[in-house]
Amino acid sequence: LVARAIHYNSNRKNNPFITTNCAALPEGLVESVLFGHEKGAFTGAYRMTKGRFEMADGGTLLLDEVSEINLGLQAKLLRVLQEREVERVGGGKPISIDVRIIATTNKDLKKSVEEGLFREDLFYRLNVVPIYLPSLAERREDIPLLVNHFVKIFSSENGLAIKNVTERAIKVLTQRDWPGNVREIENCIERAV
Numbered sequence: 001l002v003a004r005a006i007h008y009n010s011n012r013k014n015n016p017f018i019t020t021n022c023a024a025l026p027e028g029l030v031e032s033v034l035f036g037h038e039k040g041a042f043t044g045a046y047r048m049t050k051g052r053f054e055m056a057d058g059g060t061l062l063l064d065e066v067s068e069i070n071l072g073l074q075a076k077l078l079r080v081l082q083e084r085e086v087e088r089v090g091g092g093k094p095i096s097i098d099v100r101i102i103a104t105t106n107k108d109l110k111k112s113v114e115e116g117l118f119r120e121d122l123f124y125r126l127n128v129v130p131i132y133l134p135s136l137a138e139r140r141e142d143i144p145l146l147v148n149h150f151v152k153i154f155s156s157e158n159g160l161a162i163k164n165v166t167e168r169a170i171k172v173l174t175q176r177d178w179p180g181n182v183r184e185i186e187n188c189i190e191r192a193v
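When we follow my numbering, the leftmost residue of the sequence shown carries the number 1, and every step to the right adds one.
To be clear, the hints were calculated from the coordinates, so they are not data collected in a lab.
Incorrect hints may appear among the rest.
[As the list claims (entries may be wrong)] Dumping the calculated DSS-like pairs for lysine-lysine here, alpha-carbon to alpha-carbon at most 27 angstroms:
id: 1; residue 1: K110; residue 2: K76
id: 2; residue 1: K13; residue 2: K39
id: 3; residue 1: K152; residue 2: K171
id: 4; residue 1: K50; residue 2: K111
id: 5; residue 1: K152; residue 2: K107
id: 6; residue 1: K110; residue 2: K39
id: 7; residue 1: K76; residue 2: K93
id: 8; residue 1: K50; residue 2: K110
id: 9; residue 1: K163; residue 2: K152
id: 10; residue 1: K93; residue 2: K107
id: 11; residue 1: K76; residue 2: K50
id: 12; residue 1: K152; residue 2: K110
[To be verified] Restraint-style ranges between C-beta atoms, simulated for each label pair:
id: 13; residue 1: V165; residue 2: G72; range: 16 to 22 angstroms
id: 14; residue 1: N187; residue 2: L73; range: 26 to 32 angstroms
id: 15; residue 1: D98; residue 2: G28; range: 24 to 30 angstroms
id: 16; residue 1: C188; residue 2: A45; range: 19 to 25 angstroms
id: 17; residue 1: H149; residue 2: K110; range: 30 to 36 angstroms
id: 18; residue 1: G91; residue 2: Y132; range: 36 to 42 angstroms
id: 19; residue 1: N164; residue 2: K39; range: 45 to 51 angstroms
id: 20; residue 1: Y132; residue 2: K171; range: 54 to 60 angstroms
id: 21; residue 1: A23; residue 2: K93; range: 27 to 33 angstroms
id: 22; residue 1: N106; residue 2: N11; range: 25 to 31 angstroms
id: 23; residue 1: E114; residue 2: D177; range: 26 to 32 angstroms
id: 24; residue 1: A169; residue 2: K13; range: 22 to 28 angstroms
id: 25; residue 1: V128; residue 2: P94; range: 18 to 24 angstroms
id: 26; residue 1: A137; residue 2: G28; range: 36 to 42 angstroms
Built from N, CA and C at the ideal position, the CB exists for glycine as well.
Construct the complete structure from the given sequences, taking the supplied hints into account.
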């Protein structure tokens with residue numbers, strides 16, 4: 001949500017906003033998904049395919065859970081960020097890109113650097129404007145706002161006329177820690193509605 005707000009309130013808002021969950025990408029396909037591939041680059045590559053970086057050209061690329069990228073690919077990612085160009089898998093021609101990168105993680109990247117799990121040079125390349133988002137347990141005052149927002153959305157989607165949530169229900173919801181944060185509370189309210 002914060003990444004979308006950054007994108008849509010910037011001078012890039014009329015250009016693509018592309019998201020990639022790095023944790024959900026199959027190990028063997030990460031490079032192809034991020035950088036694209038040429039026809040014939042590997043078995044099953046029947047056509048040229050743009051990667052997420054090319055798709056986001058002029059806009060914003062959200063690398064969600066960037067800490068899940070392996071060290072080998074981290075070196076390639078660092079090169080793309082430094083050179084501002086990408087090479088498709090199986091290609092030899094660099095393609096210039098202009099992409100704002102927003103990288104997210106739920107891990108302590110400084111600690112990952114110390115443990116040798118994340119490249120220090122990539123950490124500093126990504127850590128230009130750090131934004132710390134506290135968990136819902138640390139900002140309980142947001143819970144009633146989120147609950148009412150999601151009730152409104154899911155009531156409308158389901159053709160229901162739920163106008164408000166009782167104070168007692170809000171109190172119960174506010175006391176919960178919500179380890180899954182906004183996604184968990186959204187799912188809970190959707191089920192309840």
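Pairwise hint evaluation, K152 against K163, where the allowed Cα distance is 27 angstroms at most: This hinted pair holds, its Cα atoms lying about 7 angstroms apart.
Straight-line alpha-carbon gap K13 to K39, limit 27 angstroms: Violated, at roughly 32 angstroms.
Pair hint outcome, K93 versus K107 [Cα-Cα no greater than 27 angstroms]: 35 angstroms, violated
Range hint compliance [Cβ, A23 to K93, 27 to 33 angstroms]: 30 angstroms Cβ-Cβ, so the 27 to 33 angstroms window holds.
D177 and E114 - C-beta distance against the hinted 26 to 32 angstroms: Hint holds: Cβ distance 28 angstroms, inside 26 to 32 angstroms.
H149 paired with K110, Cβ distance criterion 30 to 36 angstroms: 33 angstroms, holds
Consistency of beta-carbon spacing, G28 to A137, with hint 36 to 42 angstroms: 37 angstroms, holds
Hint consistency between K152 and K171 [alpha-carbon to alpha-carbon, up to 27 angstroms]: Status holds; Cα separation ~18 angstroms.
Agreement of K152 and K107 with the hint, judged by alpha carbon distance not exceeding 27 angstroms: 32 angstroms, violated
Pairwise hint evaluation, K110 against K50, where the allowed Cα distance is 27 angstroms at most: The given pair, whose Cα atoms are some 32 angstroms apart, is violated under the 27 angstroms limit.
G28 and D98 - C-beta distance against the hinted 24 to 30 angstroms: Since D98 and G28 have Cβ atoms about 29 angstroms apart, the given range 24 to 30 angstroms holds.
Cβ separation of V165 and G72, checked against the hinted range 16 to 22 angstroms: 49 angstroms, violated
Against the hints set out earlier in the document, violations occur for numbers 2, 4, 5, 6, 8, 10, 12, 13, 16, 19, 20, 24.
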